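Number of protein chains: 2
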Amino acid sequence: MSMNVSPAGYEPLLDIAFAHPIRLIASALGPPPADVIDRARAANVKVAALAGTTAHAVKHAEAGADIIVAQGSEAGGHTGEVGTMVLVPEVVDAVSPVPVLAAGGIASGRHMAAAMALGAAGIWTGSVWLTTAEAETEPVVKQKFLAATSSDTVRSRSITGKPARMLRTPWTDEWEREDSPKPLPMPLQPLLVGAALNRINRSATTPGSGAHELATYFVGQVVGSINTVRPADRVVLQIVEEFIDTLTALSGHLDV
Amino acid sequence: MSMNVSPAGYEPLLDIAFAHPIRLIASALGPPPADVIDRARAANVKVAALAGTTAHAVKHAEAGADIIVAQGSEAGGHTGEVGTMVLVPEVVDAVSPVPVLAAGGIASGRHMAAAMALGAAGIWTGSVWLTTAEAETEPVVKQKFLAATSSDTVRSRSITGKPARMLRTPWTDEWEREDSPKPLPMPLQPLLVGAALNRINRSATTPGSGAHELATYFVGQVVGSINTVRPADRVVLQIVEEFIDTLTALSGHLDV
Chain D
6 MSMNVSPAGY
16 EPLLDIAFAH
26 PIRLIASALG
36 PPPADVIDRA
46 RAANVKVAAL
56 AGTTAHAVKH
66 AEAGADIIVA
76 QGSEAGGHTG
86 EVGTMVLVPE
96 VVDAVSPVPV
106 LAAGGIASGR
116 HMAAAMALGA
126 AGIWTGSVWL
136 TTAEAETEPV
146 VKQKFLAATS
156 SDTVRSRSIT
166 GKPARMLRTP
176 WTDEWEREDS
186 PKPLPMPLQP
196 LLVGAALNRI
206 NRSATTPGSG
216 AHELATYFVG
226 QVVGSINTVR
236 PADRVVLQIV
246 EEFIDTLTAL
256 SGHLDV
Chain F
6 MSMNVSPAGY
16 EPLLDIAFAH
26 PIRLIASALG
36 PPPADVIDRA
46 RAANVKVAAL
56 AGTTAHAVKH
66 AEAGADIIVA
76 QGSEAGGHTG
86 EVGTMVLVPE
96 VVDAVSPVPV
106 LAAGGIASGR
116 HMAAAMALGA
126 AGIWTGSVWL
136 TTAEAETEPV
146 VKQKFLAATS
156 SDTVRSRSIT
166 GKPARMLRTP
176 WTDEWEREDS
186 PKPLPMPLQP
196 LLVGAALNRI
206 NRSATTPGSG
216 AHELATYFVG
226 QVVGSINTVR
236 PADRVVLQIV
246 EEFIDTLTAL
256 SGHLDV
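For the protein sequence lines, the chains are D and F, in the order given. Under the working numbering, the final residue of the first sequence carries the number 261; numbering is consecutive throughout. Under the working numbering, the final residue of the second sequence carries the number 261; numbering is consecutive throughout.
Incorrect hints may appear among the rest.
When chains are identical, the list treats them as one kind, so a pair holds in a single copy or across two.
Unchecked claim - Below, in silico cross-link-like pairs of lysine-lysine (BS3-like), each with a Cα-Cα straight-line distance of 30 Å or less:
1. 187 with 167
2. 187 with 51
3. 147 with 64
4. 51 with 64
5. 147 with 187
6. 147 with 167
7. 51 with 167
8. 64 with 167
Keep in mind the hints are simulated off the structure, nothing from the lab. In this text the structure is predicted, and so the values were computed from the model without any measurement.
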């Protein structure tokens with residue numbers, strides 16, 4: 006992760022990506038670089054860019070992104086402080102006519118209907134897939150996600166050096182302690198803790214290792230509403246069905 | 006404020022409230038006390054209770070609240086960490102059939118449509134009124150609100166001792182500094198800073214006092230979308246009109 010923030014780091018990855026029939030490249034930290042956009046244009050691939058503030062969304066649009074993902078603070082992983090309810094309509098107004106996808110706290114058809122009420126053209130989801138039958142999430146972490154409430158996540162710099170939302174565990178609690186050293190900035194923190202995190206995950210099923218308690222992973226606040234393992238195709242179907250049901254119910258308010 | 010958290014403190018205030026033809030009592034910190042609910046029932050007054058977590062919402066419903074206000078982290082004033090997009094549908098499912106109002110980041114008809122897509126029966130608004138023509142907001146603070154972006158608020162314990170969202174200013178920055186003393190717990194922090202805050206607000210228009218920079222007040226992240234002074238009746242009308250327009254546009258997705 007820490008090696009890929011320069012062209013020398015990401016170009017070999019792009020070579021692999023463009024060797025496949027991809028449709029989309031998404032830039033999650035910062036505006037998409039001009040060379041990436043040029044290469045995507047030439048390959049007829051759309052470029053998306055994630056933004057946690059309206060100012061960043063405007064920069065991404067000016068850089069030439071085809072799609073802006075407005076990601077509220079609720080989201081898992083690297084995330085800002087502005088909530089989805091506030092961020093999405095602000096970004097929609099600021100970058101129009103560039104289409105905006107709503108992210109952060111989105112896992113159901115009700116969320117999708119709300120996102121589109123806010124002006125989004127669609128949704129961008131993450132956490133909802135981490136507990137699907139197909140997900141490669143560590144089994145110990147998957148069980149923690151299923152049991153977690155929406156209050157059980159924290160924005161922590163303890164894995165990457167930048168604030169990222171993850172499940173709160175003794176790992177994050179120790180890093181948050183007043184008398185603990187501060188996490189190092191990206192890209193140094195992953196160098197510091199990467200091997201330790203790999204050992205924790207490998208040992209998480211070993212009784213008495215203590216690793217079970219420490220194990221964590223990136224996830225958004227919507228983890229609280231996901232309590233069963235579902236196949237991914239069922240997740241898609243339920244989102245679409247609930248979206249239709251929600252719009253049908255809402256349209257009833259127009260009959261006066 | 007610090008004196009009113011016991012019955013001896015709040016009963017004289019309730020006496021005044023119930024001497025008027027009120028329709029609603031709202032409990033903003035903690036479940037409504039049984040004696041308040043009994044008194045409200047006897048007077049045919051509804052009781053609302055604000056919740057920042059689903060667990061608190063369930064406690065409020067069990068205590069007998071007629072209406073739950075699910076208030077996401079975006080909100081101004083005392084507020085939790087769970088975003089409105091995640092909190093509202095969780096609370097709706099947890100306290101059904103008790104009606105839920107959505108709060109936190111709500112200031113427009115798009116927000117209202119999104120809230121009702123999430124299952125809310127209606128909306129609870131705060132920040133949107135602070136910049137109206139009728140608002141008694143300090144003029145200096147009102148101007149700061151009009152200029153602020155959604156990234157310009159912070160959850161700070163510096164005024165009440167509990168985390169409350171307010172405009173970020175040098176006042177909050179100083180309290181956030183690593184080498185500053187921590188705010189005292191409620192109800193001690195208001196005793197410590199109340200007189201100073203009053204002096205700051207009184208002096209905020211005095212050139213060279215430095216008070217202009219310090220002045221702050223409770224406000225939610227939605228402050229970023231409010232850039233003009235409007236009469237309160239116009240705010241209501243615009244919310245309703247945009248709500249209808251949004252539902253009309255959404256219902257178009259059902260025509261396939």
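Here is what the structure says about each hint:
Taking CA atoms no more than 30 Å apart as the test, residue 187 paired with residue 167 passes in both settings, with 11 Å inside one copy and 24 Å between copies. Taking the closest pair of Cα atoms, residue 187 and residue 51 never come within 30 Å of each other, the shortest separation being 38 Å inside a single copy and 48 Å across copies. Taking the shortest Cα distances, residue 147 and residue 64 sit within 30 Å of each other only across copies (28 Å), while inside one copy they are farther apart (36 Å). With identical chains, the CA atoms of residue 51 and residue 64 are at most 30 Å apart within one copy only, with a shortest distance of 17 Å there and 48 Å across copies.
Proximity of residue 147 to residue 187 under the C-alpha cut-off of 30 Å is restricted to the intra-copy arrangement: shortest distance 28 Å within a copy versus 37 Å between copies. Taking identical chains as interchangeable, the C-alpha atoms of residue 147 and residue 167 lie at most 30 Å apart only when both belong to the same chain, with a minimum of 23 Å there against 33 Å between chains. Taking the closest pair of Cα atoms, residue 51 and residue 167 come within 30 Å of each other only inside a single copy of the chain (27 Å); across copies the shortest separation is 46 Å, beyond that limit. In this homomeric assembly, residue 64 and residue 167 come within 30 Å of each other (Cα to Cα) only inside a single copy, at 20 Å, whereas the closest approach across copies is 36 Å.
Comparing the model with each numbered hint stated earlier shows that hint 2 is the single one that does not hold.
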